[in-house]
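There are 2 protein chains.
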Amino acid sequence: MSFGISIEASTNKKQKPDPKNLVFGHHFTDHMFIMDYDAGQGWHNPRIVPYQPIALDPAAKVFHYGQTIFEGLKAFKKADGTVITFRPDKNFERLNRSNERLSVPAIDEKLGLEALRQLLLIDQDWIPEEEGTSLYIRPFVIATEAALGVNPSQKYLFMIIMSPVGSYYKEGINPVKIFVESHYVRAVRGGVGDAKTAGNYAASLKAQEEAHERGYSQVLWLDGVHRKYIEEVGSMNIFFRIGGKVVTPALSGSILDGITRRSIIELLRHWGEPVEERQISIDEVIEAHRNGTLQECFGTGTAAVISPVGELSFNGEKYTIQDGSTGELSKKLYDTLTGIQRGIVEDSLGWMIEIK
Amino acid sequence: MSFGISIEASTNKKQKPDPKNLVFGHHFTDHMFIMDYDAGQGWHNPRIVPYQPIALDPAAKVFHYGQTIFEGLKAFKKADGTVITFRPDKNFERLNRSNERLSVPAIDEKLGLEALRQLLLIDQDWIPEEEGTSLYIRPFVIATEAALGVNPSQKYLFMIIMSPVGSYYKEGINPVKIFVESHYVRAVRGGVGDAKTAGNYAASLKAQEEAHERGYSQVLWLDGVHRKYIEEVGSMNIFFRIGGKVVTPALSGSILDGITRRSIIELLRHWGEPVEERQISIDEVIEAHRNGTLQECFGTGTAAVISPVGELSFNGEKYTIQDGSTGELSKKLYDTLTGIQRGIVEDSLGWMIEIK
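First to last, the protein sequences are chains L and R.
Numbering-wise (our numbering), the first sequence opens with residue 3 and increments by one.
Numbering-wise (our numbering), the second sequence opens with residue 3 and increments by one.
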């Protein structure tokens, strides 16, 4: 089905950035997808147009009340030129779960996938092929009704933009240093921590800035109630390998249901590695470090894929993990997952969708 | 000082809405104030221009990471035509406290006040004079850097827009019904609940929608840790009058430091009425209702001023307050505060600033 997506091709193609020196999220492709919503009319006018600024009334609700949702996923190009994407269906499912939480009208997931397919085909020359690079895809919804007053918007825009990217962290696959945050809180049960909405990220900036000033890449968030249980890291989920077992915080309602998180769990189980999804306290991690059973720690996310953690700072103490180097399992997971994504490792779990 | 604010007057004046039928936040004046920020250059190019859409890159950080701050205040016109505003200095102070929490660069408060003065003068014909109406003023900051990746923006816009408004609630000064929310949580200590940032409002929509479906105007939020202590109501702070004493939740870090809240406390103390700012649990309120000492309940906020609460719903039980009618103190506070704001009651606390 074409879903009646119209296409206005760009007549003024942009110069592509050097694929060897890509920074994250600073270049955008020639086209974007856009679709309107009005109460009564529903979602309508799906279209691919040249990448361009959008004009909004200064009273647009997104500026004032933050009603917005986003997703992040990646596309790759195989050696034979085939375009493949990693589990895009999961992103559109989650988009609608986030929409529901933020009172945003649902989007037909099949239409979203078809829009993505057509946009990828028209801009496939933008997919970088260097190792460690990809085309990062950002679907998002913003509330556009021009009216002050706190209530769900009567108008929205759904858009997809795409950006050729390199590593999310300047460290690449090298271990990052993480600051365990005891003062600031990202989210709490009953809140919107499990929705991919802008406000969760705004709420994280101050702690992240202070962590940077102390020489750390990201913060590790503790739960908002007890300030004790581990939630997630900056823009990633987190895993620990303790005494041979992999442990990651259970989905509590206040952390993001990461698609990379889910994939890592499925991959480990496919390998016969035990994985526990449960509450894990910072005290348990520190104790495991003290008794020598904390073997590895890594973050997972679409942008960074796998990011090994080489050091944790908690309450003024520094805890080095795996001598600050990348652990064996982290490396194997990174190589396997990025290999599957680039089409050079067998996709035995059926994750990659070919775009044609 | 003029701060070098340039003015481009509108040549195409809009038709003003009927002041007798104003809804909240749907009409905007002929002009707006706008100022740019770039890292390195700082805030620059302050200007008043015709009210118009703004063009932003689809990757502008406000759409993705919600780095945005706002304020709300009101201007009035006295019978002699004098334009007056209610405590605007407090709003610009709070704007910068919110900016600090959200890693947004500070704005010169004197410049903000001067921009407001000039904007009010050029659009003073838009200030409605009917009882219960005012010109609602919305200063706000949005992050505009076109880059994906979670970190503070390198570019911002600061704007002021203005809207002639009637009552915030369709009930006007009549009592509203409030649903005490036990499932959803607005904010938690360590979070951004005390900053006036978009994400806090996005996080409130779902609970508000469900409360509306049950026939309630707003929700009363409980604290995120114990789910027991009263925080605030929708877009208002909340006060109770129990056994002759006025009680309002202390500023805990997760509730908004309301300027109307502060003014009500100052006014009550000026009258010699005792006011307690402290933790107050929903159980204490229910118990006071049971033993007949819960005399009044009212919300306070810039938009609604004073909004009496006629009914609370908690855990499936309904608690009617003051027989569902407006209490004596609520009425006196409303009449006094709106009287001061409209220039017909003596401004003995020196709150009103004349614009000339």
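Hints listed in this document are in silico derivations from the structure and should not be mistaken for laboratory results.
It is possible that some hints are incorrect.
Copies of the same chain are indistinguishable here, so a pair counts whether it falls within one copy or spans any two.
[Said to hold, decoys possible] With a Cα cut of at most 27 Å, we get these calculated DSS-like pairs of lysine-lysine:
id	residue 1	residue 2
1	Lys358	Lys247
2	Lys18	Lys157
3	Lys112	Lys334
4	Lys157	Lys80
5	Lys179	Lys112
6	Lys179	Lys18
7	Lys157	Lys92
8	Lys92	Lys179
Predicted model, so just to flag it, every value in this text is computed and none were measured.
Hints that the structure is at odds with (numbers, increasing): Failing hints, ascending: 1, 3, 4, 5, 6 and 8.
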